[in-house]
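2 protein chains.
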Amino acid sequence: MPRIVQKYGGTSVGDVDRIKNVAARIKAFRDEGNQLVVVVSARAGVTNELLARARAITAWPSERELDQLLSIGEQETIALTAMALQAIGVDAVSYTGAQAGIFTDKHHTKAKIKTIDARPIEKDLEAGKVIIVAGFQGINDEGQITTLGRGGSDLTAIALAAALKADKCEIYTDVDGVYTADPRVVKTARKLDEISYDEMLELASAGSKVMQSRSVEFAKKYGVIFEVRSSFNTNPGTLVKEEVSYMEQVVVRGVAVDKDQVKIVVSNILDRPGSAAKVFRALADANIIVDMIVQNVGHQGVANLTFTVPQGDAANAVKSLRAILADVGGGQITVHEQIAKLSVVGVGMKTHSGVAAQLFQALAEAGINIQLISTSEIKISVVIALDRADEAARVAHAAFGLDKV
Amino acid sequence: MPRIVQKYGGTSVGDVDRIKNVAARIKAFRDEGNQLVVVVSARAGVTNELLARARAITAWPSERELDQLLSIGEQETIALTAMALQAIGVDAVSYTGAQAGIFTDKHHTKAKIKTIDARPIEKDLEAGKVIIVAGFQGINDEGQITTLGRGGSDLTAIALAAALKADKCEIYTDVDGVYTADPRVVKTARKLDEISYDEMLELASAGSKVMQSRSVEFAKKYGVIFEVRSSFNTNPGTLVKEEVSYMEQVVVRGVAVDKDQVKIVVSNILDRPGSAAKVFRALADANIIVDMIVQNVGHQGVANLTFTVPQGDAANAVKSLRAILADVGGGQITVHEQIAKLSVVGVGMKTHSGVAAQLFQALAEAGINIQLISTSEIKISVVIALDRADEAARVAHAAFGLDKV
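One line per chain: the protein sequences are L and U, in this order.
So the first sequence is numbered by the working numbering: it starts at 3 and just counts up by one.
So the second sequence is numbered by the working numbering: it starts at 3 and just counts up by one.
So that you can see chain L by itself, here it is in the shape it has in the complex (with noise of 0.2 Å):
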């Protein structure tokens, strides 16, 4: 009997209407043969509300205490669902992250997952029932309970379908797959029928919002091969899976924008060993991830360094930045937020030369200006002003052919 682990996420639970449809759709994959595990996030909105209502009793709550909190919006999920399924005739039973044997190490809010005890769900899947487990949380080995950060409920799906050996992974969601760009800012954009690990991870760090990183590396290390679709429609969507040579022959797989980056220069440091490690080392201090970096040459024994943050972290970064300024020859900060990161990724840029050229030759027809440029081996992003982001992506997606079915 084929093995499939799906995930749904917080909008198709949204409310208990969302809940009897999705547990009808459990019941018809139950009904074609297969066994099943589910895992379900809390309903839209409910994570929000218990943040706010810890943030209105204290500005800094404590990590543990909080994933006592947050833990419990998946917790009424779960019962909710398997109650649905009951309803209908299935037999289900629910399972929290600590039930499910999900251990993970002692990082609070941020807990990575370190081994699952499937046992207990092996021993229900082997008496027909349809499990329902609890995304997002888990247990340490002092019995707290731990939540493992943002995507962390499609991560609790792929390290089951791992840790069970599953036929398939599903990742139901609002959105019909992964596209070849933002369906609402480029009209002609198409859904993927697959796409790699690296792409995939590619496109998360560029800004596409499908799923975060840790998701899609737990699956490639651990082979789990997954499809990206939605729970509003039975449509297929887009598989995600181990590189394969003919995915190659297609050099750009979809184009990404990031509008939540503000540009920071440092201008004017002694261009000398250790001034940029200086100004790294602050950001990393300060838990700061720095995406495009570029300095540029010396003159006069000055340098100029610019690089992106996250909006959210501007403040920080800024602050953390004059702590050091002195150190480092006392330059001038300056942070630009009008700013957005386009990138487009694609396994086949390895082997097709001159992809960047033709990127910075179509953005220049559109005379649109490039700040900054980074490359990957399979990506290339720049930054350009944001009012023009969304047409850079239009013109980026017909320049590499993307249109065209």
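Keep in mind the hints are simulated off the structure, nothing from the lab.
Don't take each hint at face value.
Covered, in the sense of this in silico footprint (three residues per stretch, anywhere, with C-beta under 8 Å from a C-beta of chain L), are these stretches of chain U [unchecked claim]:
id, region
1, 16–25
2, 45–56
3, 63–76
4, 87–95
All values derive from a computational prediction rather than experimental measurement.
Idealized CB from N, CA, C, for every residue including glycine.
Since chain L is already given, all that's left is putting chain U on it; use the hints.
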């Protein structure tokens, strides 16, 4: 260092501001040099909200899934309360029922506590922490979450007080303590300084809403002295403890009215051995708790059986009785809804005679007709017309001198 177990009910932790108030109170007790274990309920209304959501999905949710669902109410409160304490500088840590080692039997929605493994709490107490425990919930041997039924949070507090050998157990609620009668009905009602377990039990079964019988029974069994007091002021409350001889000097400790019963008469059933047994077996099989029972003397081979059941069980009781009516001679079933049960309770009755006569006399003088009578060693209950119930309470309260200090 004195060790205190406190319990705060749903009204006391009803919203963020009240949780902060409770935290401030707990801090004050801690600062007086006490070890504190605090049991909290779900925020008032939350359990009903969750139940409503379950019933919107199915009229018959499974009890296991109900427990999985309902337990999140208290889990929210413990996390928020611990956060509120941390915010004012108190080292607090929250425990779910499972984390607190509260092991129960397998009876979902009405589990019994079997044993408490208090070692984790002892360890945190020794480390100087204030412990916040989720009331109403436990875990069974299979790792399933169970709940303890109505009044379960009181039970958690009393059971923890026993397991931790606490010096005091304080049940904080929205009333000042146990009164000689309901102060909303009897203006001259007084708060009692102390009351025996047995009197408290009889008051509970007589319709006084302060606490459920099972918590009092548990306290009696394990000799846990507890105090019922208000979470909104610092007035001393009522101490509930083993009966001591001076308590018998007071003949009647309190008066209670239960308006939540109906009277059912099964008339003209065959007056032969086994008829009554069949009637009450049918009710017991339907899980209906019968309170007062009177069988009149047989006459021409037939008899009448009269008893009271909770209002909510009336329809079910009639249905069960119809099924066996032919077996007992096919009499008639009549339901009387406009009744109330008045009870007077006091350990002093055991050593004072004429208490019943004094009650009947007082009611007769007020022109209040008595429909049924039942007595225990320390309680006399009568069924009267619903519209005379409040007046009857005032009459009885005065007749036994409870108005006077």
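Hints, one by one, checked against the model:
1. For the region 16–25 of chain U, the proposed coverage by chain L is satisfied: 3 residues have a C-beta within less than 8 Å of a C-beta in that chain, meeting the threshold of three.
2. Counting residues of the region 45–56 of chain U whose beta carbon lies closer than 8 Å to any beta carbon of chain L gives 3, which meets the minimum of three for the stated coverage.
3. A count of 9 residues in the region 63–76 of chain U with a Cβ less than 8 Å from any Cβ of chain L is obtained; the coverage claim is therefore met, three being the minimum.
4. Figure legend: the region 87–95 of chain U, annotated as covered by chain L; annotation consistent (3 residues with Cβ-Cβ distances under 8 Å, at least 3 required).
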